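Just so you know, the protein sequences line up as chains V and W, in that order.
When you number the first sequence by the working numbering, it's gap-free, plus one each residue, and the end is 557.
When you number the second sequence by the working numbering, it's gap-free, plus one each residue, and the end is 172.
Be aware that one or more of the hints could be misleading.
Claimed, not checked - Below, a list of computed lysine-lysine pairs in the DSSO-like style, where the Cα atoms sit at most 27 Å apart: (1) K39(W) with K290(V); (2) K259(V) with K39(W); (3) K41(W) with K256(V); (4) K319(V) with K112(W); (5) K87(W) with K256(V); (6) K301(V) with K460(V); (7) K112(W) with K259(V); (8) K309(V) with K66(W); (9) K296(V) with K39(W); (10) K39(W) with K180(V); (11) K112(W) with K256(V); (12) K259(V) with K87(W); (13) K41(W) with K296(V).
What the hints assert, rightly or not - Over the 12 Å line for every Cβ pair with chain V, so calculated as not near, a few chain W residues: (14) L37; (15) F56; (16) D60.
Derived from the structure by calculation, the hints contain no laboratory data.
Being a predicted model, the structure only gives us computed values, none of them experimental.
Ideal Cβ positions, reconstructed from N, Cα and C, are used throughout, including at glycine.
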Amino acid sequence: MHDFHVGIEHITRVEGHGNIIIDVKEGKIRELRMDIVESPRFFEAMALGRSYKEVAHITSRICGICAVTHTTTSIKAIESALGFEPSIQTIKLRKLLLNAEFIQSHILHVYFLTAPDFFRVSSVFGMVKDNKETVLRGMRLKSLANELCALVGGRHIHPITLKIGCFSKNPEQKDLIAFKEKIIKARPEIEKTVEFFRNLKTPEFERETEYVSLTCPDEYALYDGNIKSSDNGETKPADYLDKVKEFMVRHATAKHAKANRDSYMVGALARFNNNYEHLHPRAKEVAEEMGLKHPCYNPYMNNIAQVVETVHCFEDSISLIDDLLSNGLQDEKAELTPKAGRGVGATEAPRGTLYHEHKLDENGKITYGNYVIPTGQNLANIENDLKSLVPKILNKQKDDIILDIEMLVRAYDPCISCATHLMKVEFVNE
Amino acid sequence: MNENSKVVIIGIGNLLLMDEGIGIHVINELEKYKLPHNFEVYDGGTGGFKLIDLMHGTKRIILIDAVETGKAPGTITTFKPEDVRSIYPRKKYSLHDTDLLEVIKMAELLGNHPEIEIVGIQPKTINYGTTPSKELRDAMPDIINTVLSRIEEVCSVHKLARERS
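Chain V with its partners taken away, still in its complex shape:
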């Protein structure tokens, strides 16, 4: 197909908020872009003038899927600004809560958004007829993670126990013991998940890019670490702007970002590529079983990396619970004194590295905020992937081309319309 024009609604629930435009003439790309007309920038303005105590509650509301990560990152930025170091117990509880968010988000993404493409159905509901048990398994695993979220975070949605300094309420030890048993019991379900995704044929496509994630010397970095680029090493979170260079493009209000090259990738595959050696041994086995070899340059494999990380997070949660129980959970209080300062929090969200920067005045009021979200960082890379992919698939039928394009974008699980969920309905009998 030498001439090809497609405009795909990218954000389907928010009219006019995003499209993929691809125009190919005589086999050459004349135009390829993702229009994004939405930005989280206004959330930063809402933080201005607020007390440092309030800001995490606000950022928790930016996104219902990544609420733990936004809250954690915000808290870390404030603690950094105030020169406060949380206790090991608090850090472990935060890591456990973050694991819950990763499992939930990854499981929902691979089962509900990725899997339907392989069955050529438009949504997970199309899979129900022939694969009901698979869909139910996804829901059961998601619910298990949500239960962990409620156990540690105090409620299922938008955590409430996660505070600056420490947790306002610890989970009960007996509940942690019971939950560990549930994870162990769920292992066969996790294995079936691996088996299911192993049997789906991921499109073959490779484009090596720059991979950016947090990194730690002694663990698979999700909660904290230096910023690592696969190109040129590590940077401290406080210096994130040396690494992450945001820029405006004409066709999107969301800023794009680059680091060493003209685009980079964040998310599960970037973490897998940068921190493979720190994955749980079972997660490494699973990667091999599913054909995910290190390093991997196929962005479609981001979904498989998400399954690998799910296994890692389940196993890591068992270790964290063991650690917490062996030390006994102590009720903690944290006294923080407001003062002027600047702090940066960097945390891995399921979709990639999230940065929150805040500046405070001497009374602890927010005077500046900057939030850099994973999807904004991935946008330029998605466009570059598409520019490389499209010429290679022009011999396919138009429907297949569109599916390949959609699957590629979906592999990144873009988090753009998290801001709104307004129901828009029509009445059946009117």
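Given chain V, work out where chain W should sit, using these hints.
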């Protein structure tokens, strides 16, 4: 608690987008009222499929959400999920697109068949801000009254106190 008697009320929305968060504002207001002991009130935020876990194990659910019906701001429309269909296309790229009607459908798939009533409130302004529009703030007493009435009717409870506890 006997799950046959449990009534779950969930407010839904984004508190950072003015009227989009009306479901949560109503829940926050509702928590100031003395409700029967078998009522559980939740802030569902923008939880998407996480809402299913709040719906589990109950036969009666009332969802409060901003709903675009084309009527005057603050207008309350109560309906059941089967009365409507979403006008959003089904194909999606992100979990962040999750539609409340899809959540209900998935909950049913999981074997939950609760009686669901949606109390929809017509928004005026969906824009960045933590307080609802003046129109919806002015309408709040009526909204609360209506929600309490719906609770009474849907759940066959005696008249609820209209004073805050």
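Checked hints:
1. K39(W) with K290(V): holds, 24 Å
2. K259(V) with K39(W): It is violated: about 42 Å lies between the C-alpha atoms, which goes past 27 Å.
3. K41(W) with K256(V): violated, 45 Å
4. K319(V) with K112(W): At roughly 24 Å apart (the allowed maximum being 27 Å), K112(W) and K319(V) satisfy the hint.
5. K87(W) with K256(V): holds, 25 Å
6. K301(V) with K460(V): Given that 27 Å is the threshold and the Cα spacing comes to 22 Å, the pair holds.
7. K112(W) with K259(V): holds, 13 Å
8. K309(V) with K66(W): holds, 26 Å
9. K296(V) with K39(W): holds, 23 Å
10. K39(W) with K180(V): holds, 24 Å
11. K112(W) with K256(V): holds, 14 Å
12. K259(V) with K87(W): holds, 25 Å
13. K41(W) with K296(V): Satisfied, since the Cα-Cα distance of roughly 25 Å is no more than 27 Å.
14. L37: Fine: 16 Å to the nearest Cβ keeps L37(W) off the interface.
15. F56: Non-interface label on F56(W) violated, nearest chain V Cβ at 6 Å vs cutoff 12 Å.
16. D60: It is violated; D60(W) is separated from chain V by about 5 Å at its closest Cβ, not greater than 12 Å.
Against the hints set out earlier in the document, violations occur for numbers 2, 3, 15, 16.
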